[in-house]
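Undergrad: What follows is each chain in one-letter form.
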Amino acid sequence: MIDVLYFAWVRERIGLPRERVDTSAATVADLVAELRSREDRYAAAFADLRSLRVALDQQLADFSAPLAGVREVAFFPPMTGG
Amino acid sequence: MIDVLYFAWVRERIGLPRERVDTSAATVADLVAELRSREDRYAAAFADLRSLRVALDQQLADFSAPLAGVREVAFFPPMTGG
Amino acid sequence: MAVRVRVQAEPFDYGAECAGFGAGGRGVGAVVTFLGIVRDDSGQLARMEIEHYPGMTEKAIAAIAEEAHVRWSLAELLVIHRYGPLAPGEAIMMVATAARHRVAAFEAAEFLMDYLKSRAPFWKKEIGADGATWVAATEEDEEALTRW
Amino acid sequence: MAVRVRVQAEPFDYGAECAGFGAGGRGVGAVVTFLGIVRDDSGQLARMEIEHYPGMTEKAIAAIAEEAHVRWSLAELLVIHRYGPLAPGEAIMMVATAARHRVAAFEAAEFLMDYLKSRAPFWKKEIGADGATWVAATEEDEEALTRW
Numbered sequence: 033m034i035d036v037l038y039f040a041w042v043r044e045r046i047g048l049p050r051e052r053v054d055t056s057a058a059t060v061a062d063l064v065a066e067l068r069s070r071e072d073r074y075a076a077a078f079a080d081l082r083s084l085r086v087a088l089d090q091q092l093a094d095f096s097a098p099l100a101g102v103r104e105v106a107f108f109p110p111m112t113g114g
Numbered sequence: 033m034i035d036v037l038y039f040a041w042v043r044e045r046i047g048l049p050r051e052r053v054d055t056s057a058a059t060v061a062d063l064v065a066e067l068r069s070r071e072d073r074y075a076a077a078f079a080d081l082r083s084l085r086v087a088l089d090q091q092l093a094d095f096s097a098p099l100a101g102v103r104e105v106a107f108f109p110p111m112t113g114g
Numbered sequence: 008m009a010v011r012v013r014v015q016a017e018p019f020d021y022g023a024e025c026a027g028f029g030a031g032g033r034g035v036g037a038v039v040t041f042l043g044i045v046r047d048d049s050g051q052l053a054r055m056e057i058e059h060y061p062g063m064t065e066k067a068i069a070a071i072a073e074e075a076h077v078r079w080s081l082a083e084l085l086v087i088h089r090y091g092p093l094a095p096g097e098a099i100m101m102v103a104t105a106a107r108h109r110v111a112a113f114e115a116a117e118f119l120m121d122y123l124k125s126r127a128p129f130w131k132k133e134i135g136a137d138g139a140t141w142v143a144a145t146e147e148d149e150e151a152l153t154r155w
Numbered sequence: 008m009a010v011r012v013r014v015q016a017e018p019f020d021y022g023a024e025c026a027g028f029g030a031g032g033r034g035v036g037a038v039v040t041f042l043g044i045v046r047d048d049s050g051q052l053a054r055m056e057i058e059h060y061p062g063m064t065e066k067a068i069a070a071i072a073e074e075a076h077v078r079w080s081l082a083e084l085l086v087i088h089r090y091g092p093l094a095p096g097e098a099i100m101m102v103a104t105a106a107r108h109r110v111a112a113f114e115a116a117e118f119l120m121d122y123l124k125s126r127a128p129f130w131k132k133e134i135g136a137d138g139a140t141w142v143a144a145t146e147e148d149e150e151a152l153t154r155w
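Chains as they are written, first to last, in my numbering: chain L, 33 to 114; chain B, 33 to 114; chain Z, 8 to 155; chain S, 8 to 155.
Chain L with its partners taken away, still in its complex shape (with noise of 0.2 Å):
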């Protein structure tokens, strides 16, 4: 089981800010293609995977990391701060 957080415009078209995932997945890539078989909804949200980021236990990470001993999981759009 993972949890999995979505932020900004991720969170309003899947619907939810954050949900407790059970996958077997080895990568992110491999969760994200999960997600997306799921509902529309998913399959809009993660339609183009170069407009959004990944942060693996609230760090940055990229789509081919391993999931393995990671509790959490984010995507959301590109940061803007400042």
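The set of hints was computed from the structure by calculation and includes no laboratory data. Just so we're clear, the structure is a prediction, and the values are computed from it rather than from any experiment. Even glycine gets a Cβ: it sits at the ideal position worked out from N, Cα and C. Treat the hints with care, since some could be wrong.
What the hints assert, rightly or not - Facing chain S, according to a computed beta carbon distance under 10 Å, are these residues of chain B, among others:
1. 75
2. 91
3. 108
Stated by the list, open to error - Which chain Z residues face chain S? A few, computed with CB under 8 Å, are given here:
4. 40
5. 43
6. 93
7. 96
8. 117
9. 141
Fit chains B, Z and S to the known structure of chain L by using the hints.
TA: Using the frame of chain L, we list chains B, Z and S on its own:
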């Protein structure tokens, strides 16, 4: 007659902040030559023109600039504001 | 004391934060402070809403601040960033740096701004007369990081 | 109101000058403020004395400020520079810029600092235990101008 002002170590070497000078010097360089020939303290102050700056009527200028119409000449070291 | 980071919904007082910043260290010759304000380009902005990632936000800013602190040998460093709803003209965030020389204080403040812009997990939404829009990140913001 | 220049012997209040700077314009997204402080590197500094050229000082700063105002489309700009005796840790001068974007506010503030350093008629003398020394201009200060 022209007002000649001295600042910082130029003022200290010459020993006064300003004086009126009766001169027919055509350029700043000519005026410097006149002043240098007056006394040792002037020669000391104007020994190295590369370490001096000049302003004509409160605008930075070159040593080759003409003095025609100028009322106020100021000599000083490179500025250290900020 | 030397490095302070605050992530908060509440307003902050830029003047009060600037007052006395960097004071006390005899080796401090330069202080640079930056204030980001909600801009209303269209004249149609009702408010801005800033979402963030509690937990990661603090960690990300602390890491950026610590890098600046070491790299420019700062005597003092402050970052404040707000989240939640903000009206046009309100202060969004500030950074302040105190260093020996002006070049270090300026560079550190610009580095902090460039990294906070693209590497701290904040997202801005503009709510206007025509509805709501997420502010998009720009390529310039990403390119700004290559300077460092 | 937009461009203000003050040359004075009296202290100024950096926090109070920063408070509200740039406020009121809906197009202002970024404020940068810089504070220069008397540094005591040796631990031997009794005081600094700043000499200036009354009349030319105000004109030179006004010209530099007006150039920055136009070049970076600043909404507001403030320069304060002191002269006379100053103790270690005291504020020497400040600049503040308000612009639409952060890059303009930073560049304008750095431009002002680079030009004030080498083109405004101030001279600094350090009075310490071993006597008095005029602060020398550096080649870096002159080279900084080539950036603009």
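Undergrad: Against this structure, judge whether each hint is valid.
TA: These are the hints, each one checked on the structure:
The criterion of a C-beta within 10 Å of any C-beta in chain S is not met by residue 75/B, whose closest approach is roughly 19 Å, and the hint is violated. Hint on residue 91/B holds. Least Cβ distance to chain S is approximately 8 Å, under the 10 Å limit. Interface restraint check: residue 108/B against chain S, minimum CB-CB distance 7 Å, threshold 10 Å, status holds. For the restraint placing residue 40/Z at the interface with chain S, the shortest Cβ-Cβ distance is roughly 5 Å, inside the 8 Å limit, so the hint holds.
Of the supplied interface hints, the one on residue 43/Z holds, with its beta-carbon coming within about 6 Å of a beta-carbon of chain S, less than 8 Å. Taken as an interface hint, residue 93/Z does not check out: its beta carbon lies about 12 Å from the nearest beta carbon of chain S, beyond 8 Å. With a least beta-carbon distance of about 6 Å to chain S, the hint placing residue 96/Z at the interface is held under the 8 Å criterion. Here the hint on residue 117/Z is kept, as its CB sits about 6 Å from the closest CB of chain S, short of 8 Å.
Proximity of residue 141/Z to chain S is violated relative to the hint, the smallest CB-CB distance being about 17 Å (cut-off 8 Å).
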